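Chemist: So the sequence lines, in the order shown, correspond to chains P and A. Mapping the first sequence onto our numbering, position 235 (from 1) lands on 287, and the numbers just tick up by one. Mapping the second sequence onto our numbering, position 115 (from 1) lands on 167, and the numbers just tick up by one.
These aren't lab readings, by the way, just hints derived from the structure by calculation. Note that the coordinates shown come from a computational prediction; the quantities given were computed from them, not determined experimentally. Among the hints, erroneous ones may be present.
As the list claims (entries may be wrong) - Sample of chain P residues facing chain A (criterion: CB under 8 Å; computed from the structure):
1) E112
2) I169
3) L170
4) R172
5) K174
6) V282
7) E283
8) E286
9) L287
10) Y289
11) Q292
12) L308
13) Q471
14) K474
15) W477
16) A483
Claimed, not checked - So the derived label-pair ranges between C-beta atoms look like this:
17) Q471/P with P153/A: 36 to 42 Å
18) E294/P with N94/A: 47 to 53 Å
19) E296/P with M461/A: 18 to 24 Å
To be verified - Not close to chain A: a few residues of chain P, all C-beta gaps over 10 Å, as computed:
20) S165
21) A177
22) T481
Glycine residues also receive a C-beta, built at the ideal position from the N, C-alpha and C atoms.
There are 2 protein chains.
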Amino acid sequence: MLMFVELLSAPADDTAEDNTIKVCSLPDNVINEINSYEETVNRIVNTATSGQFKDFTWNELRKFVDKFGSRFEGTQNLENSIDYMLQNLRNHSLENVHGEPAMVPHWVRGSESASLILPREKDIALLGLGFSVGTPEDGITAEAIVVKSFDELKQRAEEIPGKIVVFNQEFESYRKTVTYRSGGAREAAKLGAVAALIRSITPVSLYTPHTGYMFYAENVKKIPAACITVEDAELLYRLQQEGEELKINLKMEAQLLPEVESRNVVAELAGDKQSEKIVIVSGHIDSWDVGQGAMDDGGGAFISWSSIVLLKQLDLRPKRTIRAILWTAEEMGAFGAKQYIKSPDAEKRNLQFVMESDIGTFKPLGLEVSGNDQVMCIVQRVLSLLKPLGNLKVKKGIEGDDIEDWLKMGVPGASLWNQNDKYFWYHHTKADTMLVLDPSSLDSGTALFAAVSYVLADISIDLPQEIPHK
Amino acid sequence: MLMFVELLSAPADDTAEDNTIKVCSLPDNVINEINSYEETVNRIVNTATSGQFKDFTWNELRKFVDKFGSRFEGTQNLENSIDYMLQNLRNHSLENVHGEPAMVPHWVRGSESASLILPREKDIALLGLGFSVGTPEDGITAEAIVVKSFDELKQRAEEIPGKIVVFNQEFESYRKTVTYRSGGAREAAKLGAVAALIRSITPVSLYTPHTGYMFYAENVKKIPAACITVEDAELLYRLQQEGEELKINLKMEAQLLPEVESRNVVAELAGDKQSEKIVIVSGHIDSWDVGQGAMDDGGGAFISWSSIVLLKQLDLRPKRTIRAILWTAEEMGAFGAKQYIKSPDAEKRNLQFVMESDIGTFKPLGLEVSGNDQVMCIVQRVLSLLKPLGNLKVKKGIEGDDIEDWLKMGVPGASLWNQNDKYFWYHHTKADTMLVLDPSSLDSGTALFAAVSYVLADISIDLPQEIPHK
Chain P
53 MLMFVELLSA PADDTAEDNT IKVCSLPDNV INEINSYEET VNRIVNTATS GQFKDFTWNE
113 LRKFVDKFGS RFEGTQNLEN SIDYMLQNLR NHSLENVHGE PAMVPHWVRG SESASLILPR
173 EKDIALLGLG FSVGTPEDGI TAEAIVVKSF DELKQRAEEI PGKIVVFNQE FESYRKTVTY
233 RSGGAREAAK LGAVAALIRS ITPVSLYTPH TGYMFYAENV KKIPAACITV EDAELLYRLQ
293 QEGEELKINL KMEAQLLPEV ESRNVVAELA GDKQSEKIVI VSGHIDSWDV GQGAMDDGGG
353 AFISWSSIVL LKQLDLRPKR TIRAILWTAE EMGAFGAKQY IKSPDAEKRN LQFVMESDIG
413 TFKPLGLEVS GNDQVMCIVQ RVLSLLKPLG NLKVKKGIEG DDIEDWLKMG VPGASLWNQN
473 DKYFWYHHTK ADTMLVLDPS SLDSGTALFA AVSYVLADIS IDLPQEIPHK
Chain A
53 MLMFVELLSA PADDTAEDNT IKVCSLPDNV INEINSYEET VNRIVNTATS GQFKDFTWNE
113 LRKFVDKFGS RFEGTQNLEN SIDYMLQNLR NHSLENVHGE PAMVPHWVRG SESASLILPR
173 EKDIALLGLG FSVGTPEDGI TAEAIVVKSF DELKQRAEEI PGKIVVFNQE FESYRKTVTY
233 RSGGAREAAK LGAVAALIRS ITPVSLYTPH TGYMFYAENV KKIPAACITV EDAELLYRLQ
293 QEGEELKINL KMEAQLLPEV ESRNVVAELA GDKQSEKIVI VSGHIDSWDV GQGAMDDGGG
353 AFISWSSIVL LKQLDLRPKR TIRAILWTAE EMGAFGAKQY IKSPDAEKRN LQFVMESDIG
413 TFKPLGLEVS GNDQVMCIVQ RVLSLLKPLG NLKVKKGIEG DDIEDWLKMG VPGASLWNQN
473 DKYFWYHHTK ADTMLVLDPS SLDSGTALFA AVSYVLADIS IDLPQEIPHK
């Protein structure tokens, strides 16, 4: 997961209470129709959480990420993992299983290192940022200057030329603080910096560098950019405060190669009445090139396709089609989704509801929903059928990336809202492994996606589409 | 901190409540005498926590660890840091400041790496263990076998010869689980293993390897030993469960060089009546060769000497001498302390009370005390004067290392008991930096050590010595 989309007035990282639905007035016939699914929903939940399907999602994900490890765009390993999933989805008797081609970036990290030279020698752990240029072979050796904010950068503009700028910004929230990762190099380069080292975007560190992508700007020199640990950013800041001159050597082999073809993975449970109408459940199959991409976004991708395997095994075939999509190349900027959404298959008029999970598959709290009040209330009513999973709520305001373009067009949709307090501890690090996930939360996520997608695919009314307010 | 010493019946890692002192019956004159220090103790606490001394310990420690980084036995950097401290203690007008020579091990890590070769290629992060031998230059390449316990190792004895044994033991408590780090290689070698990789001893990991020392046994082949991350230990275990053959390459340049001379750092506030009698406050100045050694044991060492600087600045000179000792070479086995304790200066009959801090300097909870009931009750009474620091308690049973030999001889002593729930997150890792510590907890620790050492150095009665029950 990379970006946060603000489609409704309420910010996505506000406290839950403020953004949940307080009052709903659905027509009685709609309420009654939704309530009529209660027994079906119970079967779905029971089978996923304590029946034969228990631990299915965790076990499938374990096999997948242990076999392939990280799955970065541009790599043969990602394509091999896509081949494996196409076969695996066919093995589970899903329908219309195929890959949809998409061109994706091919950024290569290469070897990379940084060393403090003055006031004393010390290795600096780092992870180069996606799209960053590399350094000359011997690296860049320069004086370093540490700033706490973009404001301080501007205040010290005269000191910047020729320097390596170290951003030691505090972590406020991912959405606020990630602007340093995405734009730090650009802002530093405007003032003449030769490289940017950015404190990793995380509330917690065990000397843990995080990666992610960054942007350059036209007419601004492209300078190398990497994230360093919170510990080293703070050390450099303290040394500067002590009056020490800082000198750093940075070596990065990073380079951007020509685009390559990858595939979004598609699998369906075809509707038996209005199969041209679609509910989408989705997550991305690619991951950063560190860790296992088990959390980001193995969990989201796997609850998506597992949910339709579960429906199929329960012999539940809705009126509309449920389509699972495992997006490719989300990490470098939702390349798979952006191309898919322009394809004829993605015609918005046929879309009933689009779901994504890409901010963790910890214990579900409900859904973050984009849509008008009627959509919110229908989804809230459906969630109320899922009592065994807790008091699930609809929250207005969505954090999403792959489904963003649809939501902007007015297609109603949702993202899995979950107890993801620790999500950014692991995000884009070597620590994103199977240990972050627990089987029962994955079962609950699968049940939630299965139940909501089934009811919305089967219900008699089409959900209204409405361009959200900016 | 390395080892846990169990000197009283109650285990050191039981819950606090069970081991605190419930009933005391001190003579009235002793109670009255201790209570008479209340105003003095208040001055100590106020000056340390809100007066001119506020943040003194944190700032001194920051300057020290930022200047030197890690301070491993055998290195010139440790000796340079000792020179700095000798000068710094003199600058703060402490008395009898000097180094006491001690021979210390000189183990050198060198470069080290491990790679999974089968079933797929993957780097395995590791930290070699102190005293481990290295591998041949090309490393050791062998099939790996993963066990969850020493019992499983024995059950699978026939499979062990020629293998790299991976210990994937669960973390129970440091004291219980560290036996895998210290003895895993030895037990594996007895059965013919060629190397041992041990899951790091920690409850929490962000792909974080931990180091520490290990033991070989006579007549058992010395095989290389390193700790790997919890994440990789679990991955290897899962792959084995899946039926995969594991092959690993391990390269370590580790070697043990001849012993070198180091120094324990000594500084005093001389007593004005019975200066030959001593209260000791101590922590160790050396650290592992990763991180900054700010927590282990910069904090403990610095509250020790800061406490007597504080007393000196308050013009508080006790009857007996308070001696601060910054031990050398604790990390490889308390080499500095073991030699010091055999020296004439360390005569036990002159020792009133020996204090150590080496399990964190987080928010103080009280003292872990070794001594008879009278000692426990006197210390509890002294702690009751420190109300502004919270409801401080005496806990029976001590975790210590450097003062262990004295305690075994019957000298009463104590270790700082503190809110150290997260201690083993950082222990012996690159994440042991200044960020682990907060200024106000260090102020409280300094105040506690200053107040307790002052009262026990000044009080009219000598504390009884009694060999603890085994």
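Chemist: Hint compliance check: list the failing hint numbers for this structure, sorted ascending.
Modeler: Per hint list: 1, 2, 3, 10, 11, 12, 13, 14, 17, 18, 19, 21 and 22 violated.
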